[in-house]
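Q: Using the sequences and the hints, build the whole thing.
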Amino acid sequence: MAQLVKMGAMLQCSFGATPATLIVTPENLTNAVKTPAATIMDFVPVKNIPPFGMCTAQTNPAVIAAKLAGSPSAPCVPVTTTPWAPGSPTVLIKGKPALSNSSKLMCTWLGVISVTQPGQFTVNVK
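Using the numbering used here, read the sequence shown as starting at -5 and increasing by one per residue.
Keep in mind the hints are simulated off the structure, nothing from the lab.
Quick caveat: nothing in here was measured; it's all calculated off a predicted structure.
Some hints could be false.
As the list claims (entries may be wrong) - List time: in silico DSS-like cross-link candidates among lysine-lysine, alpha-carbon distance up to 27 Å:
#, residue 1, residue 2
1, K28, K41
2, K98, K41
3, K61, K90
4, K88, K98
5, K90, K28
6, K28, K98
7, K28, K88
8, K28, K61
Unchecked claim - Estimated spans, in silico, between C-beta atoms of each pair:
#, residue 1, residue 2, range
9, M4, A56, 37 to 47 Å
10, A59, L86, 37 to 47 Å
11, P55, P20, 13 to 23 Å
12, K28, G64, 40 to 50 Å
13, P83, L104, 25 to 35 Å
14, E21, G64, 24 to 34 Å
15, G64, P20, 12 to 22 Å
16, L62, M(-5), 46 to 56 Å
17, K88, Q52, 17 to 27 Å
18, E21, P80, 18 to 28 Å
19, Q52, K98, 32 to 42 Å
20, K61, P83, 25 to 35 Å
21, A63, K88, 38 to 48 Å
Note that the Cβ used here is the ideal one computed from N, Cα and C, for glycine as well.
A: Here it is as structure tokens:
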């Protein structure tokens, strides 16, 4: 069974060098958890998804430019334009599907962002 993701969850990008911590704004505060629970709409770069250290995506223009300049990489700043998928089909938070630890988020540079630690272990979602 999938677990509900909340503020402070650990994320990893397939092209990022380091993990990042999910930021969920307070409008999603629920009685299920003491910190805000995430929805599939918590995908905004920097606001919700911080950088992942250095990027190795060969499709990222910043990485291409860095390599041309003699540097091995560039900062891994996510470029996400669509919500997390699939989200919970049965649990809604403020009218939006809840984010589960099995959801994925696609970066424009072909990276896949995954939840490595949901931030809690007591609330399961379907």
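Q: Does each hint fit the structure? Answer for all of them.
A: Tested hints:
1. K28 / K41: holds, 20 Å
2. K98 / K41: holds, 17 Å
3. K61 / K90: Since the Cα atoms of K61 and K90 sit roughly 41 Å apart, the hinted pair is violated (cutoff 27 Å).
4. K88 / K98: Cα-Cα ~21 Å, so holds.
5. K90 / K28: Within the cut-off at roughly 19 Å; holds.
6. K28 / K98: holds, 24 Å
7. K28 / K88: Answer holds: K28 to K88 is near 16 Å, not above 27 Å.
8. K28 / K61: Since the Cα atoms of K28 and K61 sit roughly 44 Å apart, the hinted pair is violated (cutoff 27 Å).
9. M4 / A56: 37 to 47 Å: violated, 24 Å
10. A59 / L86: 37 to 47 Å: holds, 42 Å
11. P55 / P20: 13 to 23 Å: Distance hint for P55, P20 is violated at roughly 34 Å.
12. K28 / G64: 40 to 50 Å: Holds: the Cβ-Cβ distance is about 48 Å, inside 40 to 50 Å.
13. P83 / L104: 25 to 35 Å: For P83 and L104 the Cβ distance comes to about 26 Å; the hint holds.
14. E21 / G64: 24 to 34 Å: violated, 44 Å
15. G64 / P20: 12 to 22 Å: violated, 44 Å
16. L62 / M(-5): 46 to 56 Å: Roughly 47 Å apart at Cβ, these two residues keep to the hinted range, so it holds.
17. K88 / Q52: 17 to 27 Å: violated, 38 Å
18. E21 / P80: 18 to 28 Å: For P80 against E21, whose Cβ atoms are near 22 Å apart, the range 18 to 28 Å holds.
19. Q52 / K98: 32 to 42 Å: With a Cβ separation near 20 Å, Q52 and K98 fall outside 32 to 42 Å, so the hint is violated.
20. K61 / P83: 25 to 35 Å: Violated - the Cβ-Cβ distance for K61 and P83, about 42 Å, lies outside 25 to 35 Å.
21. A63 / K88: 38 to 48 Å: Taking Cβ atoms as reference, A63 and K88 lie about 45 Å apart, which means the hint holds.
In summary, the numbered hints that this structure violates are 3, 8, 9, 11, 14, 15, 17, 19, 20.
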